[in-house]
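Please build the complete structure, drawing on both the sequences and the hints.
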Amino acid sequence: MKFIHAADIHLGSPFQGLRKISNDVREKVIASTGEAYNKLVQDAIDNSVDFVCIVGDLFDNPEPDLETLNIAISGMDKLNEAGIPVYLSYGNHDYLNFKIPSNIFPKNVKIFGNQVETKTQTLQDGMTVAITGFSYAKRAEVNARIDEYPVKNQDVDFQIGMLHGSMDGINSTEAHYAPFTQSQLISKNYDYWALGHIHKRQEINSKPIITYSGNTQGRHVNESGVKGVNLVTIDSKEKATVNFLETDVIEWNSIEVKAVAGMDLDKLIAAILREIGDATQSKFQLINIILRDSNILDSVVLDDISSGLALMQIQKQVDPNEILFHRITMKANENIQMFSELDREFWEKSENLVFNSKTVQETLGRLIELDFIAEEYSDEEEVALVKDRVELMLKQRNVLGDE
Amino acid sequence: MKINRIEIYGFGKWNNITFDLKQGLQVFYGLNEAGKSTLRQFIYSVLFGFATGKGGNKYLRYIPKKGKKSAAYGGILEIEYQKHLYAVERTKGKNGGTVSIKNLDTGITMPPEFLSEILGPVDQKTYERLLGFNQSDLDDFNDLSNRDDLRRHILRMGAVGSDEWIKLEQSLKKEANEMYTVSSRTRQLDRKIKEYEQAQKKLQEDKDRFPDYQSIQELQKKSEQHLKEVRDQINILGNQLAETTSLLNNWDNYAEIRQIREALKDVPTQYLKLDLNELEILLNQIKATRSEIKKLKHELSELKLTNEKQDDAEKLVQLQGRLPEVKLNYGQVEDLNKRIQRLLDQSRMIEKQYNQDLSGVHPMTEKEFNEFKELALKEKRVNADINQIKNQMLETAPSRRSKASNPSANMVLGLAAILSIIDFLLPLNIYIKVVILAIIIVAGYVTVKAPKTTSAPAASLSDLLEENEANLDKIKKDIFSIGQQTGFGSFSREDWSVLQNDLQNYQHQLKEVDELKQKLNKTTTQIENFWQFSQQVVVMPQTRSKEAIAPLTNQIAKLVQAANLQRENVQKSEILNKNLQDQQVLLKKLESDPKLLIMSGVDEDSDQWIEEVRTKQNLYLRLTALENSLSATLTQKLEQYKDSAMLRESQSSQESKLAELKQTENQILDERADQIGKLSGLKNSVDILNEQQQLSELQTELKELIANWLTLQLGAKWVDQTLSIATKGRLPIIMEEANRYFNQITNGRYSKIEFDKDDMINVTDKHGETFEIAELSKGTMEQLYISIRFAFMKSFSDTVQLPIIIDDAFVAFDDIRIKQIFDLLKSIADQNQVIYFTAKKEVYNLTDDRDIVDLNTK
Ligand SMILES: [Mn+2]
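So the protein lines, in turn, are chains A and B. Just so it is clear: in the first sequence, position 100 is 100 by this note's numbering, and no numbers are missing. Just so it is clear: in the second sequence, position 303 is 303 by this note's numbering, and no numbers are missing.
These aren't lab readings, by the way, just hints derived from the structure by calculation. Hints are supplied without guarantee of correctness; some may be wrong.
FRET-style restraints, in silico, Cβ to Cβ [what the hints assert, rightly or not]:
hint, chain 1, residue 1, chain 2, residue 2, range
1, B, T181, A, E246, 46 to 56 Å
2, A, Q115, B, K662, 45 to 55 Å
3, B, K201, A, M312, 45 to 55 Å
4, A, K20, B, T181, 20 to 30 Å
5, B, K201, A, K358, 25 to 35 Å
6, B, G681, A, K283, 50 to 60 Å
7, A, D371, B, K222, 39 to 49 Å
8, A, Q115, B, K222, 27 to 37 Å
Here are the simulated DSS-like cross-link-like pairs (lysine-lysine), alpha carbons at most 25 Å apart as the crow flies [what the hints assert, rightly or not]:
hint, chain 1, residue 1, chain 2, residue 2
9, B, K174, A, K387
10, A, K258, A, K358
11, B, K703, A, K331
12, B, K728, A, K387
13, B, K173, B, K202
14, B, K683, A, K99
15, A, K358, B, K858
16, A, K349, B, K125
17, A, K200, B, K703
18, A, K387, B, K703
19, B, K192, A, K20
20, B, K83, B, K858
21, A, K107, B, K221
22, B, K36, B, K92
23, B, K858, B, K22
24, A, K349, B, K703
25, B, K221, B, K683
26, B, K642, B, K167
27, A, K78, A, K119
28, A, K349, B, K794
29, B, K840, B, K819
30, A, K358, B, K125
31, B, K222, A, K99
32, B, K367, B, K511
33, B, K683, A, K78
34, B, K167, A, K349
35, B, K578, B, K294
Partner residues aside, some chain B positions facing chain A, computed with beta carbon under 7 Å [to be verified]:
hint, residue
36, A159
37, S490
38, S492
39, G715
40, I725
Please read these numbers as outputs of a predicted model, since none were measured by experiment. Glycine included, each C-beta is placed from N, C-alpha and C at the ideal position.
Quick look at the structure:
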């Protein structure tokens, strides 16, 4: 038995974290999720799979636009022509609603309802497979729907679980997405768990395989690296093997460069380009430059970075059809002295009082009403980055006394 | 640490100069440009290193100008540190210069790290901020108009470089507020937020403009169904119309078929199947033969034939053949007559010479003539002998004899010569002539020789004479007899030889004339014969002469020509007759061909008959073609219609129905195109995904702006918090000293400073009355600030043992206050060296001469 496990295709999704990109790049970006989807369709056909599982978030939006719907439909049509059934469950992004009518898809597409249900298919060799899953009916699913999944039916040869959700503890306050635990899944005795929702590809368990295939196309800086789908083969001894198939057309990546004292802009650019290397990329790269120890740099260089000049200069050095440097993330090194030794304890004491999400959110005031701002600064990691930025800003203003 | 001595090798304007310093308060007095700042920078530079050439610090390097005695860069600070004296020397070198430290007590050179130990945990900036005090610090403080700000400032003085930090904090806040404040509506960030919200709203609106997928689908399905129905009808009607049109197109043929059938109704079938071409060929042959016969007959009639006989023609030809001969004969006759005449003339000439008729005289025979010649010769010889004898007898001398004999011999020889010439003219036998000549020559020779041998004596001479004379007579007699016999006697003997010759010629001419006359006769006879033959053949001319021959020739030629023509005509008529016979046979055969039986006969009307049949046949062919072109079913269908008008009517009604349907189709298509157009127009003008992406980019921009704003805000917060915490942390340590200083510079007016929990500052005066800081005068606040500031400096004296450096502060103080400050500084300087740079004469006046260095004089 051979099938493709895909999730979080997020058709129609914009890319986050880019600014003022060229029309060319924007076109690539807009087309990317659709192209990734088409690749998955082609992969299914090329590999003559028995079926395809799409575990939630086929669409980025519960009200997809026409264009996006058309892309989805034509992909399904292709699979239909190839005689490949598609098991489709909707996730938190594309929960069941009348803006995604179920009758738009050809008959090979089997859509799960909000109730957990099991669909069976007889394979060409006569073996049978049961596929269990459900679709979200709203933006969140606080219930542990895993409880509704039946244990493996002994009458079928294989059983596969499709579940869009997070493995947060059931009692976690964050458990808005059909929470489950690893042992709950294992207890169902399935042959394979096709998970969705987490965009980072990861295998949670190997026997049976419980895995997130990750999303099919990275859409922001935190969805970096190669993205794709799982081509799963399960033999008669119920041994599953997973082959990863790349589907993404644009890759988010980051490179790390360590600043060195006395570095000027040219040297910094040279260091960045060294890190990039001159290997041509098969995919368009969106690169985040992480600049470590940036607080060691002279304020002049920091100025160039914060003004955007540095990014512009680096971009000039590469083929704009291959690479877009979308930002320089500056990180400060705590061990580099920034303040008078005499006052160190006071700076450190106050640091804790200032750089915490509560103070940050208070400071933001009504700006927090912007959902994306609220989301961004609920993240402690981002808060830590803010501290680095502040340090660098102070350094840039040349008040910290090295000269 | 205290600085005892400053020794400068070269630094800015200072060259090879030494300053000795007091361990307590040391004042450097100097007007502007006197070198105060240079000196202060020298102290910093020796302790912390020369300023680097980078950035804004360039002007702090003070590298001595070259050329001017070229002093070495740097110098020495002699210091006291932990009760030892050290010389800290800094000279030109890498990384801020080369430092060497020497223990002046022991002379031991210390390692460079020793300097770090002396300086403790401060860098130059910290040092400047911590132990430096200048007018601008005071000015900044005084600039705070708000009492609360003054209070806050005091509450934040407890960190290194508080004043600068406070300034920074303020500028960060200001900058942040320029971007955005809680209450702002039009600042950068506000505008961006507005832009973002508008884009968001537009995206939603644009999304709403699109009908949902399902309704589009349903609409499309409905119009598709309707379109299909209409198109089916169009198809059906189209087929019907095509059939009607086809019937109409075939109507003319159909009508023609009917017409032709009517026209051929009475025509026998055999006529339609007749091979007209074959028949036509036959008819043409007959016609041709007939006209040939006619022509032959006409040609025969044209031939003129006479009944002349064949043999006449032959005789004519014969006669014509003899014409050349007769012409020749006439020429011969003339010629012969001429020759005869000429011969007769010659013979008459000869007769005339002799003046005598010679017809009776005959030439001598050859024998006679030879006899004569011999006798004549003998006579001459005898005469000559007689003459010789007579001479001998007269002269008797031998010589004479010989002389005499010679002429006689010569005579003989000359005669012989003449004779021989004549002889050869005579028609004699050549042998005879030769003999004669030989004889003559021998006789001559004998005559010449004889006298020599016969020289007889005189006595015999007379005898001899007589003998000879007798002989001579006999010869003369013989000759005379010959003359008698031959008739020559009537001619002189001297002419006999010539006569003999003439006679011979004469005889010959006569004979030739005879012969010519015979020939003439014969020729004349021939001419006569010709004329007689001619007489039998042609009409004769009147004269039969040579002149008549030419016209006769012409006449004969004409007759011959006529005869020839006659012969040709005969031959021609024979051929014509033969051809005529053949053609008549052929005609008979042709006319009996059975193909002709279908016709009434071959005559002038035959062609017309053929043409009529041909027309029928063509009609029949057309009919067959038409019938083939019309299918049976079509014909069947056509038969249902009376006429084409009926068909046409049906066609036009179908056409109008079809047009209606097509219009409906177009309407549906238009509607659909309209829908699609609207949708695609919408799709073209509205790119949801693009808008969405741009919104996201706007979001990124906004995030970045907010991050920048937040950075400023949090930076200010951090500074504020740190200063506040530091101040609070350090206050308990400095309070005792601060109180003392405050008391001292207010001349004991205030005794105590207190900070309460709510960050309020209270001071108590000597009467025990307490004031909130806001209630104090500005001057008192300033004094408070200075007290705390110096207390703060003092508090670091354990960790930072460096001189306090004051750069022309207190300029606005009056004399009393300056005095108070100086008293305070002096008391501080007891423990911590104070170096005071000033350009103020007041300060100069206040100070002990011992404690002051006047830079103006250096
Ligand atoms: Mn997702």
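Status of the hints after comparison with the structure:
1. The beta-carbon spacing between B/T181 and A/E246, approximately 48 Å, falls within the hinted interval of 46 to 56 Å.
2. The given range of 45 to 55 Å is respected by A/Q115 and B/K662, whose C-beta atoms sit roughly 53 Å from each other.
3. The hinted range of 45 to 55 Å is not satisfied by B/K201 and A/M312, whose Cβ atoms lie roughly 32 Å apart.
4. Roughly 26 Å separates the CB atoms of A/K20 and B/T181, a value that falls within the hinted 20 to 30 Å.
5. Between B/K201 and A/K358 the CB atoms are about 32 Å apart, so this pair conforms to the stated range of 25 to 35 Å.
6. Our hint of 50 to 60 Å for B/G681 and A/K283 is violated, since their Cβ atoms are close to 35 Å apart.
7. The hinted range of 39 to 49 Å is satisfied by A/D371 and B/K222, whose Cβ atoms lie roughly 41 Å apart.
8. For the hinted restraint 27 to 37 Å between A/Q115 and B/K222, the CB-CB distance of approximately 34 Å keeps it satisfied.
9. Taking the CA atoms of B/K174 and A/K387, the gap is near 20 Å; set against the 25 Å cutoff, the hint holds.
10. Annotation: proposed proximity of A/K258 to A/K358 is violated, straight-line Cα distance about 31 Å (limit 25 Å).
11. The suggested pairing of B/K703 with A/K331 holds, with an alpha-carbon distance near 18 Å, which does not exceed 25 Å.
12. Taking the CA atoms of B/K728 and A/K387, the gap is about 24 Å. The hint holds against a cut of 25 Å.
13. In summary, the hint linking B/K173 to B/K202 is not supported, as the alpha carbons are separated by about 34 Å, beyond the 25 Å threshold.
14. Among the hinted pairs, B/K683 with A/K99 is consistent with the structure: their alpha-carbon atoms are about 18 Å apart, no more than 25 Å.
15. Distance hint between A/K358 and B/K858 is unfulfilled; the C-alpha atoms sit about 62 Å from each other, more than 25 Å.
16. Distance restraint check for A/K349 and B/K125: the Cα-Cα separation of roughly 22 Å lies within the 25 Å cut-off, and the hinted pair is therefore satisfied.
17. Between A/K200 and B/K703 the CA atoms are separated by roughly 24 Å; this keeps the pair inside 25 Å, and the hint holds.
18. Straight-line distance between C-alpha atoms of A/K387 and B/K703 comes to about 16 Å, which keeps the hinted pair within the 25 Å bound.
19. About 14 Å separates the Cα atoms of B/K192 and A/K20, which keeps this hinted pair within 25 Å; it holds.
20. Restraint check for B/K83 and B/K858: not satisfied, since their Cα atoms lie roughly 30 Å apart, outside the 25 Å limit.
21. A distance of roughly 18 Å separates the Cα atoms of A/K107 and B/K221; the hinted pair therefore holds under the 25 Å criterion.
22. As the CA atoms of B/K36 and B/K92 are separated by approximately 22 Å, the hinted pair is consistent with the 25 Å bound.
23. Proposed proximity of B/K858 and B/K22 is supported: the alpha carbons are some 18 Å apart, at most 25 Å.
24. With a C-alpha separation of about 28 Å, the suggested pairing of A/K349 with B/K703 is violated against the 25 Å cut-off.
25. The suggested pairing of B/K221 with B/K683 holds, with an alpha-carbon distance near 20 Å, which does not exceed 25 Å.
26. Taking the CA atoms of B/K642 and B/K167, the gap is about 116 Å. The hint is violated against a cut of 25 Å.
27. Restraint check for A/K78 and A/K119: the C-alpha separation of about 22 Å stays at or below 25 Å, so the hint holds.
28. Taken as a hint, the A/K349 and B/K794 pair is honoured in the structure, with Cα atoms around 24 Å apart against an allowance of 25 Å.
29. Distance check on the hinted pair: B/K840 and B/K819 sit about 13 Å apart at the alpha-carbon level, within 25 Å; holds.
30. At roughly 34 Å between alpha-carbon atoms, A/K358 and B/K125 are farther apart than 25 Å, so this suggested pair is violated.
31. For the hint linking B/K222 to A/K99, the alpha-carbon distance of about 21 Å falls within 25 Å, and the restraint holds.
32. Of the pairs offered as hints, the one joining B/K367 and B/K511 holds, with about 22 Å between alpha carbons and a cut-off of 25 Å not exceeded.
33. Restraint check for B/K683 and A/K78: satisfied, since their Cα atoms lie roughly 24 Å apart, inside the 25 Å limit.
34. Note on B/K167 and A/K349: the hinted pairing holds, with a Cα-Cα distance of about 21 Å set against a maximum of 25 Å.
35. Restraint check for B/K578 and B/K294: the C-alpha separation of about 14 Å stays at or below 25 Å, so the hint holds.
36. Taken as an interface hint, B/A159 checks out: its beta carbon lies about 5 Å from the nearest beta carbon of chain A, inside 7 Å.
37. Interface hint at B/S490: violated, since its Cβ lies 174 Å from the closest Cβ of chain A, which is beyond the 7 Å cut-off.
38. The restraint placing B/S492 at the interface with chain A is violated, with a minimum CB-CB distance near 171 Å, outside the 7 Å limit.
39. Taking 7 Å as the C-beta cut-off, the interface hint given for B/G715 holds, the closest approach to chain A being about 5 Å.
40. Interface restraint check for B/I725: the shortest CB-CB distance to chain A comes to about 5 Å, inside 7 Å, so the restraint holds.
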